[in-house]
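Colleague: Sequence:
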Amino acid sequence: SVINVTSGGRGRLSTLTAGVTLLILLSLLGPWVGQVPMPALVAVMIMVSIGTFSWNSIPNLRRHPWQSSVVMLTTVIVVVGTHDLSLGVAAGVLLSGIFFAQKVQRLFHITREVSPDGQTATYRISGEIFFASVHRFIEKMQSFTETVPNVVIDMTHAHMWDISSVDALDKIVGKLDKGGASVKVIGYNEASADIVDKFALHDKTGFELGAIPH
98 SVINVTSGGR
108 GRLSTLTAGV
118 TLLILLSLLG
128 PWVGQVPMPA
138 LVAVMIMVSI
148 GTFSWNSIPN
158 LRRHPWQSSV
168 VMLTTVIVVV
178 GTHDLSLGVA
188 AGVLLSGIFF
198 AQKVQRLFHI
208 TREVSPDGQT
218 ATYRISGEIF
228 FASVHRFIEK
238 MQSFTETVPN
248 VVIDMTHAHM
258 WDISSVDALD
268 KIVGKLDKGG
278 ASVKVIGYNE
288 ASADIVDKFA
298 LHDKTGFELG
308 AIPH
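Residues 98 to 311 (this note's numbering) make up the sequence shown, in order.
These aren't lab readings, by the way, just hints derived from the structure by calculation.
Mixed in with the good hints there might be a few duds.
Unchecked claim - Once the Cα atoms are required to be at most 20 Å apart in a straight line, the calculated SDA-like pairs of lysine to any residue come out as: (1) Lys268 / Lys295; (2) Lys281 / Ala297; (3) Lys237 / His206; (4) Lys237 / Pro213; (5) Lys237 / Lys295; (6) Lys200 / Gly215; (7) Lys200 / Thr244; (8) Lys200 / Glu236; (9) Lys237 / Asp214; (10) Lys200 / Ser183; (11) Lys237 / Ser261; (12) Lys272 / Phe196; (13) Lys237 / Lys281; (14) Lys200 / Glu210; (15) Lys272 / Thr244; (16) Lys281 / Gly215.
Unchecked claim - Ranges of calculated distance between the beta carbons of each label pair, as one might list FRET restraints: (17) Gly108 / Thr149: 44 to 50 Å; (18) Ala115 / Leu191: 29 to 35 Å; (19) His161 / Asp274: 45 to 51 Å; (20) Pro156 / Thr253: 31 to 37 Å; (21) Ser279 / Leu191: 41 to 47 Å; (22) Thr149 / Leu122: 33 to 39 Å.
Virtual Cβ for every residue (Gly too), placed ideally from N, Cα, C.
Could you build the full structure based on these sequences and the hints that come with them?
Modeller: Below, the structure is given as structure tokens:
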């Protein structure tokens, strides 16, 4: 435990001793331990809290990423407000997931290259495509005005995680197809190829499933 470590007990024997002592107190000495006044136990717990709290974490809040500070403070507030550790942990995990999704979706990039003959435009997708990044995926692709007859969407450096990413690809391919372009999607990894093959609505004839050679 934290108290063991801060008290200098870092070996296996210290953990065993603490566990056996606690077991004896609860199983054999329970009636006598129950006679200890509650205010005395409260005082002990207050001193334990003061001794085990990481006071250096308070000034470090300004130097740490604000997302980490928000997660920590939210967890503490929920635990103190509800007296339920599981709710505090759940709130912290939920916030961490939201912040992670926001961070990952910013790493999404699209580059466009046109062949020397001006007949083919290649879109190279890089990043994670999932519910948090599909809006940027669609918005970025629709911002290009395509006039070439052939379009290649290269997914070699991208990964599709969920059905929303497949739906976004459907919309993009559908718009390009309606504009008269011949669309080809290449470079899927195995997981992306599987989800596209199962859920995509656009015509996958001629699409290359699996990573393309370099």
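Colleague: Take the hints in turn and mark each one as holding or not.
Modeller: Hints versus structure:
1. Lys268 / Lys295: Since the Cα atoms of Lys268 and Lys295 sit roughly 16 Å apart, the hinted pair holds (cutoff 20 Å).
2. Lys281 / Ala297: Between Lys281 and Ala297 the Cα gap is close to 14 Å, so the pair holds against 20 Å.
3. Lys237 / His206: Holds: Lys237 and His206 sit about 9 Å apart, inside 20 Å.
4. Lys237 / Pro213: 23 Å, violated
5. Lys237 / Lys295: 25 Å, violated
6. Lys200 / Gly215: Roughly 36 Å separates the two Cα atoms, so the pair is violated.
7. Lys200 / Thr244: 34 Å, violated
8. Lys200 / Glu236: 18 Å, holds
9. Lys237 / Asp214: 24 Å, violated
10. Lys200 / Ser183: Judged against 20 Å, a Cα distance of about 26 Å means the pair is violated.
11. Lys237 / Ser261: 16 Å, holds
12. Lys272 / Phe196: Between Lys272 and Phe196 the Cα gap is close to 32 Å, so the pair fails against 20 Å, i.e. violated.
13. Lys237 / Lys281: Holds, at about 18 Å.
14. Lys200 / Glu210: 27 Å, violated
15. Lys272 / Thr244: Holds, because 13 Å separates the two Cα atoms, which is no more than 20 Å.
16. Lys281 / Gly215: It holds: about 16 Å lies between the C-alpha atoms, which stays within 20 Å.
17. Gly108 / Thr149: 44 to 50 Å: 19 Å, violated
18. Ala115 / Leu191: 29 to 35 Å: 33 Å, holds
19. His161 / Asp274: 45 to 51 Å: 48 Å, holds
20. Pro156 / Thr253: 31 to 37 Å: Cβ of Pro156 to Cβ of Thr253: about 46 Å, so the range 31 to 37 Å is violated.
21. Ser279 / Leu191: 41 to 47 Å: 44 Å, holds
22. Thr149 / Leu122: 33 to 39 Å: Violated - the Cβ-Cβ distance for Thr149 and Leu122, about 20 Å, lies outside 33 to 39 Å.
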